[in-house]
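Visitor: Here are the chains, one letter per residue:
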Amino acid sequence: MAEKVLMLALSPTMEEGTIIKWLKKEGDAVKIGDVLCEVETDKASMDYESSQGGILLKIAVAEGGGAKVGEPIAIIGKKGEDISGLLAGPGRTAGPAASSAAVGAPGPAAAAVKVRETESGANGGAPGTSVRVKSSPLARVLAEQAGIDLARIQGTGPAGRVVKRDVESASASSVQAPSSQAGLRSESVPVSGKRKVIAERLSQSMFSAPHYYVRLAVQADGLLRARSALNARREKKVSINAFLMKFAAEAIKRYPMVNSSWQGASIQLFGAADIGLAVAQPDGLITPVVRDCGSKGLLQIDAELSGLIERALANKLKPEEYGGATFTISNLGSFGIDEFTAVINPPGSAILAVGSIKKEPVVGPDDRIEARTLMRLTLSCDHRVIDGALGANFLKYLGDIIEEPVRILY
Amino acid sequence: MAVITFREALRQAIDEEMTRDESVILLGEEVGQYNGAYKVSQGLLDKYGDRRVIDTPISEEGFTGMGIGAALVGLRPIVEWMTFNFSFMAFDQILSNASKTRYMSGGQFTCPVVFRGPNGPAEYLSAQHSQALQSFYAHVPGLKVVAPSTPFDGKGLLKAAIRDDNPVMFLESELAYAWKGEVPEEEYVLPIGVADVKRPGSDVTIVGFGKPMKVILEAAEELERQGVKAEAIDLRTIRPLDENAVYESVRKTNRCVIVDEAWPFASVGSHVGWLVSKNCFDSLDAPVEVVSAEEVPMPYNHRLELASQPSVEKVIEAAKRVLYA
Numbered sequence: 001m002a003e004k005v006l007m008l009a010l011s012p013t014m015e016e017g018t019i020i021k022w023l024k025k026e027g028d029a030v031k032i033g034d035v036l037c038e039v040e041t042d043k044a045s046m047d048y049e050s051s052q053g054g055i056l057l058k059i060a061v062a063e064g065g066g067a068k069v070g071e072p073i074a075i076i077g078k079k080g081e082d083i084s085g086l087l088a089g090p091g092r093t094a095g096p097a098a099s100s101a102a103v104g105a106p107g108p109a110a111a112a113v114k115v116r117e118t119e120s121g122a123n124g125g126a127p128g129t130s131v132r133v134k135s136s137p138l139a140r141v142l143a144e145q146a147g148i149d150l151a152r153i154q155g156t157g158p159a160g161r162v163v164k165r166d167v168e169s170a171s172a173s174s175v176q177a178p179s180s181q182a183g184l185r186s187e188s189v190p191v192s193g194k195r196k197v198i199a200e201r202l203s204q205s206m207f208s209a210p211h212y213y214v215r216l217a218v219q220a221d222g223l224l225r226a227r228s229a230l231n232a233r234r235e236k237k238v239s240i241n242a243f244l245m246k247f248a249a250e251a252i253k254r255y256p257m258v259n260s261s262w263q264g265a266s267i268q269l270f271g272a273a274d275i276g277l278a279v280a281q282p283d284g285l286i287t288p289v290v291r292d293c294g295s296k297g298l299l300q301i302d303a304e305l306s307g308l309i310e311r312a313l314a315n316k317l318k319p320e321e322y323g324g325a326t327f328t329i330s331n332l333g334s335f336g337i338d339e340f341t342a343v344i345n346p347p348g349s350a351i352l353a354v355g356s357i358k359k360e361p362v363v364g365p366d367d368r369i370e371a372r373t374l375m376r377l378t379l380s381c382d383h384r385v386i387d388g389a390l391g392a393n394f395l396k397y398l399g400d401i402i403e404e405p406v407r408i409l410y
Numbered sequence: 411m412a413v414i415t416f417r418e419a420l421r422q423a424i425d426e427e428m429t430r431d432e433s434v435i436l437l438g439e440e441v442g443q444y445n446g447a448y449k450v451s452q453g454l455l456d457k458y459g460d461r462r463v464i465d466t467p468i469s470e471e472g473f474t475g476m477g478i479g480a481a482l483v484g485l486r487p488i489v490e491w492m493t494f495n496f497s498f499m500a501f502d503q504i505l506s507n508a509s510k511t512r513y514m515s516g517g518q519f520t521c522p523v524v525f526r527g528p529n530g531p532a533e534y535l536s537a538q539h540s541q542a543l544q545s546f547y548a549h550v551p552g553l554k555v556v557a558p559s560t561p562f563d564g565k566g567l568l569k570a571a572i573r574d575d576n577p578v579m580f581l582e583s584e585l586a587y588a589w590k591g592e593v594p595e596e597e598y599v600l601p602i603g604v605a606d607v608k609r610p611g612s613d614v615t616i617v618g619f620g621k622p623m624k625v626i627l628e629a630a631e632e633l634e635r636q637g638v639k640a641e642a643i644d645l646r647t648i649r650p651l652d653e654n655a656v657y658e659s660v661r662k663t664n665r666c667v668i669v670d671e672a673w674p675f676a677s678v679g680s681h682v683g684w685l686v687s688k689n690c691f692d693s694l695d696a697p698v699e700v701v702s703a704e705e706v707p708m709p710y711n712h713r714l715e716l717a718s719q720p721s722v723e724k725v726i727e728a729a730k731r732v733l734y735a
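As given, the protein sequences belong to chains A and B, one line each in that order.
Going by our numbering, the first residue of the first sequence is number 1, and it counts up by one from there.
Going by our numbering, the first residue of the second sequence is number 411, and it counts up by one from there.
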């Protein structure tokens, strides 16, 4: 069957190549490994070796013409094969204009590709997916789960098929921390859809909401005692985060303005404390939300939270499970971080950053240095909604509950 | 546990069932006085007499039909064919009578008959006597088709086949009759329709049944030496097929090779390949491979005879293809 010859990334940073010279003519026989053409990349001119064998049926990009990586530059197949389907691009939806343009000589073929890109853009498709990529079914599923565009992966299977190991190495090189044996390297890493959303939302939050921060070191003994008392009778341990969610919801009940959103002409107060928890994923982060924590018991919050975290780690959260947090908690305690500041997660107006629980020297009531178990909290507030005194009162009250959980009964 | 041959395991199964149930009879060419062409019925004539162990003329259509008729009126006959190559003399009896009567009588008749004998190539037997014919019988609703690969499976499944109220095609192998394996002293019956993981692994699933399981297991051992963990699934029963056992494995390994010593066109191997492609589509990292007989009548020349059958090398090559190795 005739196949398209696609422009390949002949250098690590190449996005587009220019055909300097065709070394094969239409009608020539091509063996795998034959040099088809010379391509000028962003850095140098390179030989393009064919990964397909057959007859060069069509040159789609003439000498001097350019093609983006992944765009077709030629068609190779059997002698006399009907290639009109390949030239016509996506087929049914392409419309007469696209297909008639596509049958023409070099330039118009590139135009046909452009038509397709516009279409996929209009459908909200990720950039680069407009070209059909050969891939195994498993590779497609894995790439989707990892949020990686298949077109950006160099396939190592037969005829460039993207297979499982290619997706795995692509996701390893694009998201994971540099491994110990790998050296540094310069590389342009494509932005996944998820990364784009994270970037846009947090930039928008940071640059439009005037952040300020209030900090408090609270004694965690009361919280830890309450937790071990509860967990002593349970097989499944209730997490610290579930406690913090419950306590934050109680503090919100006293200071409801913290649970609100700046809307320009108005401030939206939310009728329920829908509290999100930032969860790190291999390729980003997500904040699953436990709805209406104020009216739920601790065990219910914990049960819902652990289910949400499990699904978050498996990339299986539904939009309604992670959107619309009215207040957010980010806990880097388990990473060994003492304290940090977090960027507010819209539409909420405040986010609580929680550090690790550890013993620290503290000046006690009679000026003696004592070892206390402390947890450091930092509340980031949107000053448009939460003034300093409110932020301070809220955090202090939350700290009081953490130190003395029985206060939520007051 | 006693280590016995495949033929002895089959003999024990028949012997035990004939003792347990006097409606069980054995008939076929040379099953009595000659003690079986492959000695599976050794000693049974002496033990049960010529009313229950019946030597028949060379007339497959006749004695197969006799077995079916006996089954319809209450006996549980075991019909031995000297080889499955001869079963086509009786094909109409199997296709039109054995497989259909329960259905067409609305369940008024059952047909509890077992057809057994060696199937598939042995050696130096040329084109007409070296055929693996499972595809023909696997094609027919109303038949059960069993193809064990070890003495243990053979005994347990033959007992189940004798007790089954449907016609069961029981595929043995001439070369496997002398294979030895552990078989417990105490009685056991294995369920028809349940596959068995003969060797666990995580990298590639290799599916087979009957004699080629030996080739599969040898290939798996060699692959292990090369760092590939192959999972060997023995279907044991071709119809009904334990599809889920295959799917479960393929969903784990993402790769599937099927070995079937029949010709590949419209075969058990090609059918399982289709099922896996359809039901494990999103789990597959490579197209399913089928290692089968070459599409030729069996050559008499021994090198060509071996070259036309699935081999350890062919299975390893197929495994490497699906592993992109």
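Among the hints, a few may not be true.
[Said to hold, decoys possible] Listed next, the in silico PhoX-like pairs over lysine-lysine satisfying Cα-Cα at most 25 Å (straight line):
#1 Lys-134/A - Lys-457/B
#2 Lys-134/A - Lys-449/B
#3 Lys-730/B - Lys-662/B
#4 Lys-134/A - Lys-688/B
#5 Lys-730/B - Lys-316/A
[Unchecked claim] On the chain B side, residues computed to face chain A include the following (Cβ under 7 Å):
#6 Tyr-513
#7 Ser-515
#8 Phe-519
#9 Asn-689
#10 Asp-692
#11 Leu-694
#12 Glu-723
These aren't lab readings, by the way, just hints derived from the structure by calculation.
We put the CB at the ideal spot given by N, CA and C, even for glycine.
Visitor: If a hint holds in the structure, say so; if it does not, say that too.
Guide: Each hint tested on the structure:
1. Lys-134/A - Lys-457/B: violated (66 Å)
2. Lys-134/A - Lys-449/B: Cα-Cα ~55 Å, so violated.
3. Lys-730/B - Lys-662/B: holds (17 Å)
4. Lys-134/A - Lys-688/B: holds (19 Å)
5. Lys-730/B - Lys-316/A: Answer violated: Lys-730/B to Lys-316/A is near 33 Å, above 25 Å.
6. Tyr-513: violated (38 Å)
7. Ser-515: violated (45 Å)
8. Phe-519: violated (46 Å)
9. Asn-689: With Cβ-Cβ at 12 Å, over 7 Å, it is violated.
10. Asp-692: holds (5 Å)
11. Leu-694: Holds: closest Cβ of chain A sits about 5 Å from Leu-694/B, inside 7 Å.
12. Glu-723: Hint on Glu-723/B: violated, closest Cβ of chain A at ~20 Å, above 7 Å.
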